[in-house]
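Chemist: Now for the letters of each chain:
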Amino acid sequence: MRYRYCSPLIVALVVGVAAPANAQLILTPHLDARLSGDVEPSRGGAGVSVGYHVPVWRGLGAGLELDAAWHGHFFRDEKVAHLVPEGVDLNTDALVLMGHLVVPVSIPRAPIWRPYGSVGLGMIHAVFTAPGNEEYDTEQDDVTFAAGIGMMHQLTRLLGLRADARYYHAFVDENASGGYFEDYSFFIISAGVTFQLPPQRWPDPW
Amino acid sequence: MRHLRRSLAFILVSGLATAVAPTVRADTGVQVGVRGGIQLLDDDKLDHANAPLLGAEARFGFELSPLIVALTFDHFFVDDRTLFQVGANALYDLPIGHSFLYPYFGAGVGVTRFALPEAEAPPVMEGSGTGDTPDSNGMRLGLNLAGGVRFEHVDLSLVRPFTQVMVSVGPIDLLTVVGGVLFELDGDASRAGAAAR
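Read top to bottom, the protein sequences are chains A and B.
Numbering of the first sequence is given in numbering that gives the first Met the number 0, commencing with residue 0 and proceeding in unit increments.
Numbering of the second sequence is given in numbering that gives the first Met the number 0, commencing with residue 0 and proceeding in unit increments.
If you are wondering where the hints come from, they were derived from the structure by calculation, not from laboratory data.
Please note: incorrect hints may appear among the correct ones.
Quick list of simulated restraints, FRET-style, between CB atoms [claimed, not checked]:
{"id": "1", "chain 1": "A", "residue 1": "I148", "chain 2": "B", "residue 2": "N136", "range": "31 to 39 Å"}
{"id": "2", "chain 1": "A", "residue 1": "F170", "chain 2": "B", "residue 2": "F76", "range": "26 to 34 Å"}
{"id": "3", "chain 1": "A", "residue 1": "G131", "chain 2": "B", "residue 2": "F150", "range": "23 to 31 Å"}
{"id": "4", "chain 1": "B", "residue 1": "P94", "chain 2": "A", "residue 2": "L24", "range": "31 to 39 Å"}
{"id": "5", "chain 1": "A", "residue 1": "L59", "chain 2": "B", "residue 2": "L157", "range": "44 to 52 Å"}
{"id": "6", "chain 1": "A", "residue 1": "D203", "chain 2": "B", "residue 2": "F76", "range": "43 to 51 Å"}
Even for Gly, the Cβ is constructed at its ideal location relative to N, Cα and C.
The task is simple: from the sequences and hints, build the whole structure.
Modeler: Have a look at this one:
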């Protein structure tokens with residue numbers, strides 16, 4: 000019985016030890032700004048992503064990233080104002096949970112710069128709250144696709160910077176509960192600080 | 000969309016400029032100092048045109064990168080209201096420095112905090128929800144674009160005067176012209192100008 004509980008730990012240990020050379024675990028806290036689209040622009044969010052990147056072929060890499068971000072004042076007021084009577088304040092926030100496939104590219108003779116492209120799939124959990132009028136509170140989950148480009152830059156063996164621009168498209172189930180009943184899309188530009196494990200200088204070529 | 004185009008264009012130009020330029024590396028180290036200046040944009044809603052500002056700045060150089068990370072705080076003196084910005088910008092020394100003048104440009108993000116008298120909350124500060132009054136206080140995220148010149152000389156081993164123009168685009172637009180003095184914390188005179196070489 001004890002072996003059964005130990006087996007996931009052993010598998011994780013084996014996978015960790017057998018990780019390809021130059022594989023990197025990258026943790027990125029980031030700030031986001033929504034720039035345009037169907038949601039409220041010029042508002043921001045904050046989140047964190049965890050990614051695992053491995054070199055694949057001649058400077059090309061592949062990575063999987065899990066990202067979670069919280070965005071306040073999410074939907075445009077005029078798009079949701081009809082959900083509440085006049086004079087009732089309705090706030091909308093969103094938790095964006097995404098998994099991204101990332102393709103980083105190592106630049107020859109400039110390995111501290113690493114551009115990348117990404118595509119992702121996940122969910123936006125939108126929350127509608129009317130302070131003092133809980134009967135109007137509601138929420139919805141929308142399957143979301145994302146694609147974008149970005150750049151990572153290495154400052155030290157541990158620290159780096161990261162900036163990217165991504166397009167999001169949410170597919171809304173019009174028959175489900177919630178408060179927003181049509182597909183919506185938007186752009187996000189984000190900037191963050193990366194922490195890389197193990198700390199190492201990015202090789203040239205990767 | 001206008002912000003997106005501007006942001007993407009700047010990121011592309013910055014990336015190209017730093018990737019194409021000869022490989023340079025900022026010296027590691029920390030500089031801290033004070034800055035002062037003026038905010039020039041005329042915005043009658045915020046009424047912050049020609050507002051003087053006073054702030055502080057810290058610049059960090061890193062072992063592997065030509066970029067210098069600058070963390071800033073600017074407080075704007077505007078009657079009856081509070082306005083300040085906390086910023087984080089990545090600066091790049093252009094490889095065209097003379098013996099003592101080092102031009103640079105940079106980009107980053109700024110979080111601007113405002114507080115207004117309730118009755119004067121302008122429409123530009125849209126509230127956090129529907130049907131509410133405009134926000135009388137809050138924080139807004141913006142994109143910073145900066146350009147400046149730093150003065151370095153071996154006879155001033157600890158002191159780094161600089162002047163800089165910075166524009167913040169977003170819900171609260173700012174155009175600031177500042178001057179300041181940074182002090183090298185480790186005081187290594189041999190590092191004067193190293194960041195640009």
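Chemist: If a hint holds in the structure, say so; if it does not, say that too.
Modeler: Now the hints, each set against the structure:
1. I148/A x N136/B: 31 to 39 Å: 36 Å, holds
2. F170/A x F76/B: 26 to 34 Å: 49 Å, violated
3. G131/A x F150/B: 23 to 31 Å: 57 Å, violated
4. P94/B x L24/A: 31 to 39 Å: The hint (31 to 39 Å, Cβ to Cβ) holds, given that P94/B and L24/A are roughly 34 Å apart.
5. L59/A x L157/B: 44 to 52 Å: About 46 Å separates the Cβ atoms of L59/A and L157/B, which means 44 to 52 Å holds.
6. D203/A x F76/B: 43 to 51 Å: 49 Å, holds
When the structure is compared with the earlier hints, violations turn up for hints 2 and 3 and for no others.
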